[in-house]
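Q: Listed here are the chains, written in short residue letters.
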Amino acid sequence: MQTTLTQTRETAQRIPPIHPLWLRITHWLNAFAALILMLSGWRIYDASPVFPGIVIPTSITLGGWLGGALQWHFAAMWLLVFNGIVYLALNLASGRFLAKFFPLSPRAVLHDLIAALTGKLSHADLRQYNAVQKLAYLFVVIDLIVLVLSGLAIWKSVQFPLLREMMGGYDRARVVHFGAMALMAAFVVVHVAMVALVPRSLLTMLRGR
Amino acid sequence: MNTNDRKIMKLDRASILADARRELDMPSRRLFGKRMLTLGGLSLLTGCSITDEDSVNTFLTAVSRLNDRAQALLFDPKRFAPTYTEAQLTRPFPFNAYYGIDDVPHVDGGDYRLKVSGLVTGKRVWTLPELYALPHAEQITRHICVEGWSAIGRWGGTPFSEFLRRVGADTTAKYVGFRCADDYYESIDMPTALHPQTLLTFEYDGERLPAKYGYPMKLRMPTKLGYKNPKHIVEMFVTNTYPGGYWVDQGYNWFGGS
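Those protein sequence lines, which keep their order, are chains A and B. Position one of the first sequence corresponds to residue 0 (numbering that gives the first Met the number 0), numbered consecutively onward. Position one of the second sequence corresponds to residue 0 (numbering that gives the first Met the number 0), numbered consecutively onward.
Below, in silico cross-link-like pairs of lysine-lysine (DSSO-like), each with a Cα-Cα straight-line distance of 27 Å or less:
{"no.": "1", "chain 1": "B", "residue 1": "K77", "chain 2": "A", "residue 2": "K155"}
{"no.": "2", "chain 1": "B", "residue 1": "K211", "chain 2": "B", "residue 2": "K114"}
{"no.": "3", "chain 1": "B", "residue 1": "K173", "chain 2": "B", "residue 2": "K77"}
{"no.": "4", "chain 1": "B", "residue 1": "K114", "chain 2": "B", "residue 2": "K173"}
{"no.": "5", "chain 1": "A", "residue 1": "K133", "chain 2": "A", "residue 2": "K99"}
{"no.": "6", "chain 1": "B", "residue 1": "K173", "chain 2": "A", "residue 2": "K155"}
Please keep in mind that the hints were generated in silico from the structure rather than gathered at the bench.
Using the sequences plus the hints, can you model the full thing?
A: What follows is the structure, given as structure tokens:
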């Protein structure tokens with residue numbers, strides 16, 4: 000009995016989890032912050048829509064009124080930014096970033112996309128991202144960075160002149176912020192759909208294996 | 000120590016007490032860490048009513064106070080808001096208030112007196128001709144509303160820092176507060192009050208400031224959001240006691256910088 004337990008523990012130690020603990024924590028904190036920011040952001044957007052034809056039903060927004068939505072938005076932004084810094088720093092320092100996401104070529108993306116659409120893409124090894132996954136995750140990381148930078152340009156358009164000009168001025172920064180949000184929302188829809196198709200991937204993001 | 004010094008010390012003690020009492024009323028800072036941990040679980044448990052939860056509101060208010068301090072740190076007194084050309088003016092410049100345009104207050108310029116109070120040593124009552132005689136400055140700047148829209152306007156008046164020096168304001172005090180003819184009230188931090196672009200405005204687009212834009216005067220700050228710019232000002236005071244503001248007391252962020 001004693002031996003079996005020790006053996007099991009040794010085996011568990013030898014095989015590292017598919018997702019290390021720090022990755023699982025930063026993933027869920029990021030998901031929580033992004034959700035709060037998106038729902039409260041919709042309420043803020045509605046106060047003065049950038050695109051008059053696009054209004055988001057207030058029933059699916061967060062905050063109750065503009066003031067409340069702003070409070071949620073400017074609270075969750077700290078979580079998103081600091082959690083994002085921890086995620087990027089640990090990813091780069093541990094070498095996980097290079098190992099997981101590269102090499103990545105357009106040809107591989109096309110190949111895996113066709114395989115996925117014809118139902119031939121293997122999900123046997125969740126340790127290995129396929130090329131479409133690599134592209135999607137890299138994309139959402141960059142999109143979140145654009146969201147933070149355009150958000151800063153809107154929030155502090157006077158204090159960060161370089162950022163403001165990079166976005167093409169205060170008004171255009173709002174368009175960039177909205178566009179990046181829409182792309183993030185599209186990612187979330189696809190991401191959640193994929194998790195529903197391969198439920199095991201949800202387990203690995205929760206318990207690591 | 001002369002009488003004057005003693006008086007100022009007394010005022011400071013009173014405002015420190017007021018600040019401390021406010022903090023005790025809002026024990027949010029102590030609960031800050033705890034709320035951070037429980038916010039996630041709470042939001043999942045309470046579903047749609049999360050914004051009505053007292054503890055969540057306390058937490059969000061505490062973060063808003065934290066954001067005041069973060070913005071005060073980010074604020075660079077030498078950083079100028081961008082200025083624009085006449086061709087870029089937004090016409091017509093939008094009217095905006097917490098009431099409709101029909102309820103804009105009527106202020107009689109002849110009877111008008113601006114009252115200055117609090118931590119000032121100089122002239123405390125000003126007529127409009129006296130104010131109009133002060134050094135003149137103009138700016139074409141962007142007004143950014145908390146709602147997200149923005150509009151470019153041309154404003155004329157006197158630099159506020161210059162006015163504060165003229166009334167002998169204690170510029171080491173924390174706040175300048177404003178009371179307005181439309182029952183609006185607002186307060187700002189001293190560094191912003193002293194910013195070179197903060198303008199006590201008597202004119203819009205080269206004309207006497209019309210009632211809809213805040214006759215007889217508006218404090219124009221291109222470094223702050225629209226709601227921080229009080230109109231129809233009738234009284235201002237320099238103080239170390241946090242005065243709040245019309246929207247701020249309902250949940251808008253106090254610093255409201257851009």
